[in-house]
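Letter by letter, the chains look like this.
Protein chains: 2
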Amino acid sequence: MATGRLEFFPAEKPVEKPLPMKLAALVLDEPTPSFAAVLTRNAFAGAPVVLARRLLGEPLARGVLVNTKVANVGAPGGLEDAQLLQKAVANELKEEPQRLFVLSTGVIGWKLPVEPMCQLLPDLISSLGQGDLLDLATAIMTTDSYPKLRSVQLGQGRLCGVVKGAGMIEPNLATMIGLILTDVSVGREELREALSAVAADTFNLISVDGDQSTSDAVLAFSSRRYPAVSAAEFRDALHRLCAQLAEDVVRNGEGTAHVIEVIVRGAPDRATAQAAARQIVNSPLVKTAIYGNDPNVGRILAAAGSSLGRIAPDVDLSGMQLFIGGLRVYGEGCFQLGDEAEKRLSTYLRQVSLPEVRDYPPHEEKVLIELDLQCGPAEARLLGSDLSHEYIKVNADYRS
Amino acid sequence: MATGRLEFFPAEKPVEKPLPMKLAALVLDEPTPSFAAVLTRNAFAGAPVVLARRLLGEPLARGVLVNTKVANVGAPGGLEDAQLLQKAVANELKEEPQRLFVLSTGVIGWKLPVEPMCQLLPDLISSLGQGDLLDLATAIMTTDSYPKLRSVQLGQGRLCGVVKGAGMIEPNLATMIGLILTDVSVGREELREALSAVAADTFNLISVDGDQSTSDAVLAFSSRRYPAVSAAEFRDALHRLCAQLAEDVVRNGEGTAHVIEVIVRGAPDRATAQAAARQIVNSPLVKTAIYGNDPNVGRILAAAGSSLGRIAPDVDLSGMQLFIGGLRVYGEGCFQLGDEAEKRLSTYLRQVSLPEVRDYPPHEEKVLIELDLQCGPAEARLLGSDLSHEYIKVNADYRS
Numbered sequence: 001m002a003t004g005r006l007e008f009f010p011a012e013k014p015v016e017k018p019l020p021m022k023l024a025a026l027v028l029d030e031p032t033p034s035f036a037a038v039l040t041r042n043a044f045a046g047a048p049v050v051l052a053r054r055l056l057g058e059p060l061a062r063g064v065l066v067n068t069k070v071a072n073v074g075a076p077g078g079l080e081d082a083q084l085l086q087k088a089v090a091n092e093l094k095e096e097p098q099r100l101f102v103l104s105t106g107v108i109g110w111k112l113p114v115e116p117m118c119q120l121l122p123d124l125i126s127s128l129g130q131g132d133l134l135d136l137a138t139a140i141m142t143t144d145s146y147p148k149l150r151s152v153q154l155g156q157g158r159l160c161g162v163v164k165g166a167g168m169i170e171p172n173l174a175t176m177i178g179l180i181l182t183d184v185s186v187g188r189e190e191l192r193e194a195l196s197a198v199a200a201d202t203f204n205l206i207s208v209d210g211d212q213s214t215s216d217a218v219l220a221f222s223s224r225r226y227p228a229v230s231a232a233e234f235r236d237a238l239h240r241l242c243a244q245l246a247e248d249v250v251r252n253g254e255g256t257a258h259v260i261e262v263i264v265r266g267a268p269d270r271a272t273a274q275a276a277a278r279q280i281v282n283s284p285l286v287k288t289a290i291y292g293n294d295p296n297v298g299r300i301l302a303a304a305g306s307s308l309g310r311i312a313p314d315v316d317l318s319g320m321q322l323f324i325g326g327l328r329v330y331g332e333g334c335f336q337l338g339d340e341a342e343k344r345l346s347t348y349l350r351q352v353s354l355p356e357v358r359d360y361p362p363h364e365e366k367v368l369i370e371l372d373l374q375c376g377p378a379e380a381r382l383l384g385s386d387l388s389h390e391y392i393k394v395n396a397d398y399r400s
Numbered sequence: 001m002a003t004g005r006l007e008f009f010p011a012e013k014p015v016e017k018p019l020p021m022k023l024a025a026l027v028l029d030e031p032t033p034s035f036a037a038v039l040t041r042n043a044f045a046g047a048p049v050v051l052a053r054r055l056l057g058e059p060l061a062r063g064v065l066v067n068t069k070v071a072n073v074g075a076p077g078g079l080e081d082a083q084l085l086q087k088a089v090a091n092e093l094k095e096e097p098q099r100l101f102v103l104s105t106g107v108i109g110w111k112l113p114v115e116p117m118c119q120l121l122p123d124l125i126s127s128l129g130q131g132d133l134l135d136l137a138t139a140i141m142t143t144d145s146y147p148k149l150r151s152v153q154l155g156q157g158r159l160c161g162v163v164k165g166a167g168m169i170e171p172n173l174a175t176m177i178g179l180i181l182t183d184v185s186v187g188r189e190e191l192r193e194a195l196s197a198v199a200a201d202t203f204n205l206i207s208v209d210g211d212q213s214t215s216d217a218v219l220a221f222s223s224r225r226y227p228a229v230s231a232a233e234f235r236d237a238l239h240r241l242c243a244q245l246a247e248d249v250v251r252n253g254e255g256t257a258h259v260i261e262v263i264v265r266g267a268p269d270r271a272t273a274q275a276a277a278r279q280i281v282n283s284p285l286v287k288t289a290i291y292g293n294d295p296n297v298g299r300i301l302a303a304a305g306s307s308l309g310r311i312a313p314d315v316d317l318s319g320m321q322l323f324i325g326g327l328r329v330y331g332e333g334c335f336q337l338g339d340e341a342e343k344r345l346s347t348y349l350r351q352v353s354l355p356e357v358r359d360y361p362p363h364e365e366k367v368l369i370e371l372d373l374q375c376g377p378a379e380a381r382l383l384g385s386d387l388s389h390e391y392i393k394v395n396a397d398y399r400s
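Protein sequences, first through last, are from chains A and B.
The first sequence begins at 1 in the numbering used here and counts up one residue at a time.
The second sequence begins at 1 in the numbering used here and counts up one residue at a time.
If you're looking for bench data, these hints aren't it; they were derived computationally from the structure.
The C-beta atom is built at its ideal place from N, Cα and C for all residues, glycine as well.
Some hints here could point you the wrong way.
[Claimed, not checked] Examples of chain A residues lying across from chain B (beta carbon under 8 Å, computed):
(1) I125
(2) T214
(3) R310
[Claimed, not checked] With a cut-off of at most 35 Å between alpha-carbon atoms, the simulated DSBU-like pairs for lysine-lysine come out as follows:
(4) K343(B) <-> K22(A)
(5) K366(A) <-> K13(B)
(6) K343(A) <-> K22(B)
(7) K111(B) <-> K94(B)
(8) K343(B) <-> K17(A)
(9) K343(A) <-> K17(B)
(10) K366(A) <-> K111(B)
(11) K111(B) <-> K87(B)
(12) K111(A) <-> K94(A)
(13) K87(B) <-> K13(B)
(14) K87(B) <-> K17(B)
(15) K111(A) <-> K343(B)
[To be verified] A partial selection of chain B residues facing chain A, derived with a Cβ cut-off under 8 Å:
(16) G74
(17) L317
(18) G326
(19) Y330
Based on the sequences and whatever the hints tell you, model everything.
Take a look at the structure:
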């Protein structure tokens with residue numbers, strides 16, 4: 001792998017100083033048939049995602065070029081630009097273009113500065129092999145405050161992954177780019193099935209702000225250097241890796257002061273459990289209360305009730321119980337609160353909060369919200385974040 | 001009508017000074033069979049809503065008592081407390097209890113201070129007739145920064161309404177209380193049908209933060225003093241009244257710096273149009289960009305695409321057009337932006353914004369977002385608000 005930087009003037013906005021763009025190339029020694037992708041389902045997907053969908057049909061893949069700052073979404077000639085870039089990388093590598101992915105993240109609507117990007121490619125490609133995974137994780141960062149890199153042992157080799165993403169994280173990926181690598185052999189279909197299944201249970205169950213981005217992509221490649229392990233073993237390792245990476249993304253959310261884990265149990269079915277959990281974790285009122293370390297637990301039940309009233313209006317909530325940080329705050333038809341409980345909850349929220357300034361993940365604590373509907377067997381679990389002043393600040397003028 | 005105040009110590013939270021509660025009574029000279037209600041569909045509805053659902057079956061209604069500060073939701077013995085209060089009002093009025101509504105708004109989980117409330121009732125009821133609609137609109141305010149009162153001419157009489165609500169406003173009402181009065185005769189069923197239909201198109205199409213509250217209620221009463229008008233005329237007047245009140249609520253949203261109107265046209269069906277409009281108006285990324293007067297129009301299409309990808313994944317967006325404030329910013333498959341367009345959009349966003357400090361609605365401007373999917377006949381329109389620092393501040397520690 002290799003990383004580089006360039007500066008450019010966007011065509012769409014006059015700027016006094018050129019803007020910085022980072023590039024990162026991840027290239028395998030040999031093309032592999034064992035590659036997979038999970039891509040955003042946003043109907044307004046970016047050109048790199050449209051191109052990636054096509055490349056999934058190719059017999060072999062060699063690697064990927066990632067750029068920051070310009071997402072290449074909705075820009076004139078976006079697909080042509082992505083293909084120009086793809087060809088330029090192929091040219092440097094003496095590889096076939098259709099074996100190379102290009103991924104972009106950044107501002108929507110701006111045109112990719114293809115020319116300066118192509119000028120950087122000879123240097124970038126000739127320095128392949130000089131960078132490591134931490135360089136790669138760092139190069140794809142945008143509003144991330146620290147690189148996100150995880151690795152698990154697998155058979156005689158390893159399974160590693162880097163992700164970028166720190167906002168707009170929601171079911172079905174969000175502004176997330178993930179690159180997963182393994183040197184353990186795995187069949188093409190086995191890898192694809194495992195990645196789809198695992199992403200549904202990890203990256204698709206995190207939610208920072210309820211939007212699903214135009215550019216989300218997780219790619220996986222196997223270099224097939226070491227012998228294969230069993231399908232179950234592979235999937236289990238991939239699940240552990242992606243669960244860690246997904247949580248890293250939430251923990252590094254834009255302005256996140258609390259990571260929130262919502263578990264809804266005892267629902268009539270999984271869809272109802274997921275919808276209730278999502279309504280809780282996406283509720284601005286719940287998110288702001290948690291940000292303020294204010295145990296305004298009524299808002300949690302109001303959010304759940306809002307979803308249940310829509311999806312399962314006849315559900316009987318008389319046995320419902322709510323726990324925060326293990327403390328039962330609702331049961332037997334009413335809140336179980338009081339002075340001491342309120343104090344314990346405030347203290348708990350403060351204890352699991354994240355410091356405002358951080359360049360590394362300071363701990364792995366979460367606000368645990370468990371809602372037991374006591375009216376069925378189904379369960380769902382979602383990760384999310386609170387809503388802070390910092391989030392507004394980061395997002396009110398992202399492009400300047 | 002009459003209004004009053006009291007102070008109380010909540011059982012659930014030790015406070016140094018007692019908390020203020022406001023009460024307002026709206027009582028008709030005679031009971032009327034022509035009354036109607038639209039109530040929250042939240043599955044975790046408050047005791048006053050549960051009681052109101054029962055009262056809709058009664059032949060006659062006389063009026064309503066409204067209190068602030070304690071919502072009577074999820075508190076032990078909540079329904080009994082609501083009924084105690086109802087009986088106490090009836091007692092003062094020498095009226096049958098089942099002809100009186102009680103509505104509460106405020107903190108979820110706290111117990112209604114029934115005793116001090118009952119002590120205030122004799123004074124409150126004996127001063128009926130001394131207050132006017134503006135007093136009523138003022139008495140039901142909570143985080144509202146100004147009273148919301150509208151009136152339209154109808155036949156030989158009038159149709160008037162007051163609302164309270166300034167946050168948590170979302171499809172299916174939110175923390176909103178509305179009281180609608182007319183002296184024009186209208187049949188019971190005609191009133192109920194008109195109110196349901198009109199609420200669906202007005203109060204249920206505003207969205208501040210995506211939650212649906214436990215306490216929302218709009219009640220309507222006719223004193224039947226003047227002759228009836230045609231059903232169409234009545235419904236039209238009610239629609240105008242409620243549309244104005246709904247917009248007032250959004251304009252007074254907690255920390256609202258921009259009112260946003262989203263119109264999605266050319267959708268295959270109304271559900272798809274509504275879902276896309278709701279995703280745009282509820283997207284924290286869109287809301288924060290508008291708050292920052294940053295025309296980050298990509299986020300609007302990303303939000304719409306997020307909804308469309310889920311609901312109508314095969315929709316053809318090649319003819320899609322996006323207009324902001326009448327300016328076309330997307331069409332012919334790409335953004336139609338540039339230096340001048342960006343400047344015009346920023347200026348526009350600043351022009352239609354609301355000043356931070358206000359005790360009255362300074363203007364009726366809105367950010368107009370029109371998305372034409374060009375793939376069908378259906379249309380939907382939603383009102384919402386941006387997401388500001390002030391919203392976080394108000395909601396991070398609402399209860400203290």
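Each hint tested on the structure:
1. I125: violated, 30 Å
2. T214: holds, 5 Å
3. R310: Hint holds; R310(A) Cβ to chain B Cβ min 7 Å, cut 8 Å.
4. K343(B) <-> K22(A): Given pair K343(B), K22(A) holds - Cα atoms ~27 Å apart, limit 35 Å.
5. K366(A) <-> K13(B): Holds. K366(A) to K13(B) sits at ~25 Å (cutoff 35 Å).
6. K343(A) <-> K22(B): holds, 28 Å
7. K111(B) <-> K94(B): holds, 26 Å
8. K343(B) <-> K17(A): holds, 18 Å
9. K343(A) <-> K17(B): holds, 18 Å
10. K366(A) <-> K111(B): This hinted pair holds, its Cα atoms lying about 30 Å apart.
11. K111(B) <-> K87(B): holds, 18 Å
12. K111(A) <-> K94(A): holds, 26 Å
13. K87(B) <-> K13(B): Status holds; Cα separation ~27 Å.
14. K87(B) <-> K17(B): Roughly 29 Å separates the two Cα atoms, so the pair holds.
15. K111(A) <-> K343(B): Status holds; Cα separation ~18 Å.
16. G74: Holds, about 5 Å.
17. L317: holds, 6 Å
18. G326: violated, 19 Å
19. Y330: holds, 7 Å
Hints 1 and 18, counting from the list given before, are not met by this structure.
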